[in-house]
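Participant: Sequence:
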Amino acid sequence: MASPELRKDVVTGRWVVFSTARSKRPSDFKSKSPSGSGNSNSQNCPFCVGNEHLCAPQIFRVPPDPSSEWKIRVIENLYPALDRNLRQRDAQGEESPEVLAGFGFHDVVIEGPAHGVRLSDQSPREVRDVLIAFRTRIKELAAVEEIKYVQVFKNHGASAGASLSHPHCQMIALPIVPPNVSTRLDSMKDHFRQTRQCALCEAPSNKLVINESTHFVSFVPFAAIYPFEIWITPRIHSSHFHEIDEDKAADLGSLLKLMLQKISVQLEDPPFNFMIQTTPLRATTSELPYAHWFLQIVPQLSVVGGFELGSGCYINPIFPEDAAELLREVNASVQ
1 MASPELRKDV VTGRWVVFST ARSKRPSDFK SKSPSGSGNS NSQNCPFCVG NEHLCAPQIF
61 RVPPDPSSEW KIRVIENLYP ALDRNLRQRD AQGEESPEVL AGFGFHDVVI EGPAHGVRLS
121 DQSPREVRDV LIAFRTRIKE LAAVEEIKYV QVFKNHGASA GASLSHPHCQ MIALPIVPPN
181 VSTRLDSMKD HFRQTRQCAL CEAPSNKLVI NESTHFVSFV PFAAIYPFEI WITPRIHSSH
241 FHEIDEDKAA DLGSLLKLML QKISVQLEDP PFNFMIQTTP LRATTSELPY AHWFLQIVPQ
301 LSVVGGFELG SGCYINPIFP EDAAELLREV NASVQ
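The sequence shown maps to residues 1 to 335 in full-length UniProt numbering.
Check the hints yourself; a few may be wrong.
27 Å max Cα-Cα, derived DSS-like pairs, lysine-lysine [unchecked claim]:
#1 Lys8 to Lys71
#2 Lys248 to Lys148
#3 Lys248 to Lys207
#4 Lys139 to Lys207
#5 Lys148 to Lys189
#6 Lys8 to Lys248
#7 Lys189 to Lys207
#8 Lys139 to Lys248
#9 Lys8 to Lys207
#10 Lys248 to Lys189
#11 Lys207 to Lys71
In case anyone wonders, no lab produced these hints; they're calculated from the structure.
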């Protein structure tokens, strides 16, 4: 059994404790909770074809022609965390550095019309189209002067936060830069000052790499906070996700599909989250050399306890090199 080890991630700035004594063999990691979500009945699902009237207003659809069947819909969230209309009327009370009116956007991206077809079941081209929908919507939100950051995320499975089983992602546009994003940028800035290199432009160790494509590499980060956490990063420096072109989106779609298949096979279809960790929309020119976007996938295999909540440090029961090896050996094909 390997000795415990503490590692610091130069991207997130977090310290992580790796202790295999807190787990069984790495190969014994399997999902401990079902990935199913509520509303599994497609007849009553608001995201299914024919139930569009049950949804909040549509923002756009793919293809745009309303006479054809839709493949992707971007809609307002029926229960938004923020109010997109708040700036159009006087906010209650006075704003201060500690209090802001809850203005922002909360959207849903319905990945496809079929209730039981997951993103990992779709073709690489269809996954690409979902990524392009993200890009399109971020560009629209970037035109709103008050919006400073857009978080794209997916919750798969009830324990990962999904309330509807029909495959979908969400986007929340904020008038602030979230603290995790600021901390990440500060950590990457420190690394850049010391090395004159972007932390994510440095190639990960071969022991951490899972798969590589023409434009992207997938790997388990050196100081992974969560068991079997995966990052997918552009090979060539890129600060903003919404600058991705069609070719790179297709390449990313294939690799993302492959990673989702691998964790499903190796970990028995666990609940998971994925997040696009991009750069604030109003980033300065001086921040761009070290600000590098990536897509983060987190299988929900462990529970955050008092130590993590109290200290901000996390305990990961599997070393990243072992997790990467187990994911590399999974046979999955992208078609």
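Participant: All hints, please: hold or fail.
Facilitator: Taking the hints in turn, this is what the structure says about them:
The straight-line distance between the Cα atoms of Lys8 and Lys71 is roughly 42 Å, outside the 27 Å bound, and the hint therefore fails. Distance hint between Lys248 and Lys148 is fulfilled; the C-alpha atoms sit about 25 Å from each other, no more than 27 Å. At roughly 25 Å between alpha-carbon atoms, Lys248 and Lys207 fall within 27 Å of each other, so this suggested pair holds. Only pairs whose Cα atoms come within 27 Å are accepted, and Lys139 paired with Lys207 is rejected, the gap being roughly 36 Å.
At roughly 19 Å between alpha-carbon atoms, Lys148 and Lys189 fall within 27 Å of each other, so this suggested pair holds. Annotation: proposed proximity of Lys8 to Lys248 is violated, straight-line Cα distance about 30 Å (limit 27 Å). Simply put, Lys189 and Lys207 have alpha-carbon atoms about 26 Å apart, close enough for the 27 Å limit, and the pair holds. Simply put, Lys139 and Lys248 have alpha-carbon atoms about 17 Å apart, close enough for the 27 Å limit, and the pair holds.
Annotation: proposed proximity of Lys8 to Lys207 holds, straight-line Cα distance about 17 Å (limit 27 Å). Between Lys248 and Lys189 the CA atoms are separated by roughly 26 Å; this keeps the pair inside 27 Å, and the hint holds. With a CA separation close to 39 Å, the supplied pair Lys207 and Lys71 exceeds the 27 Å bound.
In terms of the numbered hints stated before, the structure departs from hints 1, 4, 6 and 11, listed from lowest to highest.
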